Amino acid sequence: MQKFKNLIFALILVIPAGGNIEAQDTLMLLLDKVFTALEEEYKEKEQPPYFIDIRVHEIKSNLLRYSFGILTAQNATHTRLATTRMRIGSYEKDNTSAEAGEGNTNLRSFVNTDRIPLDNDSLSLFRSLYQNLQITYKYTLQQYKTSLKKESKQEDKENVPSFSREKTSVYFELPPESQMNDKSFTEWKGLLKEIAKDISSDSDVVNSEVAMLIMEERIYYLNSEGSRIIQNRPQCQIQLMFAVKTRSGNVAPIVKSYIGQSMVALPSADELKVEVIQIKQILKDLKNAPPADPYAGPAILSPEAAGVFFHEIFGHRIEGQRLKNIYDNQTFKDKFGKKVINENISIISDPTIKDYNGIPLFGSYKYDDEGVAGRPVVIIENGILKNYLMSRVPVKDLLQSNGHGRAQVGLAPFSRQSNLIIKSKNKVSDMVMRKMLIRECKKQGKPYGYYIKEVYGGFTTTDVFSPQVFNIIPTVVYRVYTDGRPDELVRGVNFIGTPLTVFSEIIAAGEKYEVFNGFCGAESGNIPVSTVSPAFLIKKIETQRIPETKVVIPSLQSPIEEK
-15 MQKFKNLIFA LILVIPAGGN IEAQDTLMLL LDKVFTALEE EYKEKEQPPY FIDIRVHEIK
45 SNLLRYSFGI LTAQNATHTR LATTRMRIGS YEKDNTSAEA GEGNTNLRSF VNTDRIPLDN
105 DSLSLFRSLY QNLQITYKYT LQQYKTSLKK ESKQEDKENV PSFSREKTSV YFELPPESQM
165 NDKSFTEWKG LLKEIAKDIS SDSDVVNSEV AMLIMEERIY YLNSEGSRII QNRPQCQIQL
225 MFAVKTRSGN VAPIVKSYIG QSMVALPSAD ELKVEVIQIK QILKDLKNAP PADPYAGPAI
285 LSPEAAGVFF HEIFGHRIEG QRLKNIYDNQ TFKDKFGKKV INENISIISD PTIKDYNGIP
345 LFGSYKYDDE GVAGRPVVII ENGILKNYLM SRVPVKDLLQ SNGHGRAQVG LAPFSRQSNL
405 IIKSKNKVSD MVMRKMLIRE CKKQGKPYGY YIKEVYGGFT TTDVFSPQVF NIIPTVVYRV
465 YTDGRPDELV RGVNFIGTPL TVFSEIIAAG EKYEVFNGFC GAESGNIPVS TVSPAFLIKK
525 IETQRIPETK VVIPSLQSPI EEK
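For the sequence shown, position 218 matches number 202 in my numbering, and the numbering has no gaps at all.
Please note that the accuracy of each hint is not assured.
27 Å max Cα-Cα, derived DSSO-like pairs, lysine-lysine [as the list claims (entries may be wrong)]:
no. : residue 1 : residue 2
1   : Lys338    : Lys437
2   : Lys151    : Lys350
3   : Lys268    : Lys173
4   : Lys427    : Lys437
5   : Lys29     : Lys134
6   : Lys240    : Lys271
7   : Lys524    : Lys409
8   : Lys129    : Lys77
9   : Lys181    : Lys77
10  : Lys240    : Lys268
11  : Lys338    : Lys151
12  : Lys496    : Lys407
13  : Lys322    : Lys370
14  : Lys370    : Lys523
Distance ranges between label pairs, derived from CB positions [said to hold, decoys possible]:
no. : residue 1 : residue 2 : range
15  : Lys409    : Lys268    : 23 to 29 Å
16  : Pro275    : Val248    : 35 to 41 Å
17  : His62     : Thr336    : 27 to 33 Å
18  : Ile457    : Gly342    : 24 to 30 Å
19  : Gln528    : Ser232    : 15 to 21 Å
20  : Lys419    : Glu161    : 45 to 51 Å
21  : Met247    : Tyr114    : 24 to 30 Å
22  : Val248    : Pro431    : 23 to 29 Å
23  : Glu25     : Leu197    : 37 to 43 Å
24  : Pro145    : Glu489    : 35 to 41 Å
25  : Gly342    : Glu472    : 31 to 37 Å
26  : Thr20     : Glu255    : 46 to 52 Å
Derived by calculation from the structure, the hints in this document are not laboratory data.
Everything numeric in this text was worked out from a predicted model, so none of it was measured.
For each residue, glycine too, the CB sits at the ideal point set by N, CA and C.
Model the full assembly from the supplied sequences, consistent with the hints where possible.
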C-alpha cells in the first residue's frame, strides 16, 4: 500500500498545473504520465512484462430508432473505456508461445477492459488503470507459467518469434468536429419518422425499422516501446430494415445500410427519399415473387455481391495470424507464391486509401490497433498469392506487421482486413456479361441463370472442425431467362459453396467498380471494412432455399394509421 501511495504522490508532482497544451491533448498528457509511472512499477516485478500497451476509446454516440413510424429509442452516451495488454517473456518466446499446440484460436495475450473516468483527473485515472493492469498482469502471468510448463512438451519446428519488433510511432489528430447540431438532429428525426411511416402505410408490411447512429470515437494508444498515437474513428450509419408478407403468407425481408466515417458518406434527404420509392417497389414485387428453387448453375454477382463474396471466401483466409493456429484449416498456408485464383485477378488490402471515385471507404485508418502504420498490401498479383495480412504475430517468412492488427474496443487485436480492392484485367460490359451468362446457361442446359443484385452480408468457417464453406445472404435476386422472358425477382435465396471450387469457376469481370461499406465480425470483434469490386460472372454457383416464416397480420389498426 505504501508503494501505491508513493506512486500517486510522484504522479501528482509531474502533472503540470497549466502550460501550453494547444498542440497536445489533455487526456493523452495525463495518460502518458500515468502510464510511465505504472510502467516503472512493473519493471520491478519478479517476472516483468517486456511489453505493455493501453488503448483508450472515448466514445460519444447518438442513436435514433423508429419502428412503424414510432420513436422507440433516442440515446445519447459518452464513455471512456481502457483496454490493457501485457506480454511476459521475450519477443522470441512469451506467454502465447504454447497456445498453438493447445488449439487456442486467438493466439493473443489476455486483455482487460474497464470504464475509466470522464473527468481529466490524474488521481482517478491512475486508480482506474492501476486496477486494470493488476488484473491484466495476474492472468498474463498465469498464461506465461502455463506456457513454460508445456514448452518442453512442444517442438517449435518453425522457430518463429512470438511478437514482432516494430518502429515507434508518434501521431496526433485534432479532436473531431461534431457531426450533427441540434437543428440537423431535429431534421433527421423528422425524416426518419417520415420514412418509417411511409413504408408502413402498406398493410402487408410486417416489419419497419429505421435507425441512425452517429458516433464520435477518439482512440488513444500508448505502449512501452514509446508509441503514442491519437486518432479519430467516427462512424455514421443509417439502417433501413423492412419485411413484407408474401402471397403465401411468408416473410420477405429487405435491408439497406448506409455506412461511413462522416455524414458525407450518407445519402442526402432527397437521395434517401428516392431510395425509399425504390424500396417500396421492391417490397411490392416481393409480395408476389415466387420462392427460389435449389440451384446449381451460372450467375452474375453485382459489384456489391462480389465484394461481400471476396471478403468472406477469400479475405478471412489470408489473415496471417490464422497460420499459427493448428485448428484453422489454413486454406492458403502452402500456397505462397503459387496460383490460387484466375490469373486475371489481383487483390490489394489498403487502409491508406480514403475514398474510391469520391465514395468514402469505411475501412480506412492511419494506424492499426497495435500502433503500426497501415500500409497497402498486394495479396494476389495476377492470380499468384504474394502476401498475407499481418498483425504483430509473426508467421514463417513474414516476421513483421503490415498494419493490419485490428480490434473493436475491449478485444485483443487480430490480423484483419481493411479496404479490400479486387481488380481484373479481363473486363467486359454489362451487356456482354449478360450475353455470356445466357450462353453459359444454354451450354449447361439451364433455363435461367441468376443475377444476385443486393446482399445483406455473409459468413464463413475456417476451422478444421467445420466444413470449409461460405454463405452469402442475398436480398434482391433475379432469374435471367434464356428464352428472352423478362427477368423475374425471386425470394428466399442463400448463396453457398466452398472457396477453392468457386474460385476456379470465375469466367469474367465487369468494367464498373463499386464500393461496399460495412462491419466485419471475427475473433477481434466488429471492425469497419470496405470492398471495391467489379461484377463477376461465375460458371457455377450453388444456392439453397432459406427456411420461411409464416406471419399473421395483426387485426388491430396500426397506431400510425390516420383515422
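How the hints compare with the structure:
Among the hinted pairs, Lys338 with Lys437 is consistent with the structure: their alpha-carbon atoms are about 25 Å apart, no more than 27 Å. The hinted pair formed by Lys151 and Lys350 meets the criterion: a straight-line CA distance of about 15 Å does not exceed 27 Å. Restraint check for Lys268 and Lys173: satisfied, since their Cα atoms lie roughly 26 Å apart, inside the 27 Å limit. Of the supplied pair hints, the one linking Lys427 and Lys437 holds, its CA atoms being roughly 23 Å apart against a limit of 27 Å.
A C-alpha spacing of about 23 Å is found between Lys29 and Lys134, which places the hinted pair at or below 27 Å, so the restraint holds. Of the supplied pair hints, the one linking Lys240 and Lys271 holds, its CA atoms being roughly 18 Å apart against a limit of 27 Å. Under the criterion of a C-alpha separation no larger than 27 Å, the hint pairing Lys524 with Lys409 is consistent with the structure, at around 21 Å. With a C-alpha separation of about 12 Å, the suggested pair Lys129 and Lys77 falls inside the 27 Å cut-off, and the hint holds.
For the hint linking Lys181 to Lys77, the alpha-carbon distance of about 60 Å lies beyond 27 Å, and the restraint is violated. Simply put, Lys240 and Lys268 have alpha-carbon atoms about 16 Å apart, close enough for the 27 Å limit, and the pair holds. Distance hint between Lys338 and Lys151 is fulfilled; the C-alpha atoms sit about 24 Å from each other, no more than 27 Å. Note on Lys496 and Lys407: the hinted pairing holds, with a Cα-Cα distance of about 11 Å set against a maximum of 27 Å.
The hinted pair formed by Lys322 and Lys370 meets the criterion: a straight-line CA distance of about 8 Å does not exceed 27 Å. A hinted pair counts as satisfied when its Cα atoms are at most 27 Å apart, and Lys370 with Lys523 qualifies at roughly 26 Å. Between Lys409 and Lys268 the C-beta distance comes to about 41 Å, which lies outside the given range of 23 to 29 Å. Between Pro275 and Val248 the beta carbon distance is about 40 Å. The supplied range of 35 to 41 Å therefore holds.
Restraint check, His62 to Thr336: a C-beta distance of roughly 30 Å satisfies the suggested window 27 to 33 Å. Our hint of 24 to 30 Å for Ile457 and Gly342 holds, since their Cβ atoms are close to 28 Å apart. Distance hint for Gln528 and Ser232: a CB-CB separation of about 18 Å, consistent with the stated range 15 to 21 Å. Distance hint check for Lys419 and Glu161: the Cβ-Cβ separation is about 50 Å, which falls inside the suggested range of 45 to 51 Å.
One distance hint, 24 to 30 Å for the beta-carbon pair Met247 and Tyr114, is violated here, with the actual separation near 39 Å. Hint check: Val248 to Pro431, Cβ distance near 45 Å, so the stated range 23 to 29 Å is violated. In this structure the hint that Glu25 and Leu197 lie 37 to 43 Å apart at CB holds, the actual value being about 39 Å. Taken as a hint, the range 35 to 41 Å holds for the pair Pro145 and Glu489, whose Cβ atoms sit roughly 39 Å apart.
Remark: the range hint 31 to 37 Å for Gly342 to Glu472 is upheld by a beta-carbon distance near 34 Å. A beta carbon spacing of about 50 Å between Thr20 and Glu255 agrees with the range 46 to 52 Å that was offered as a hint.
The structure is inconsistent with the numbered hints 9, 15, 21 and 22, although it conforms to all the rest.
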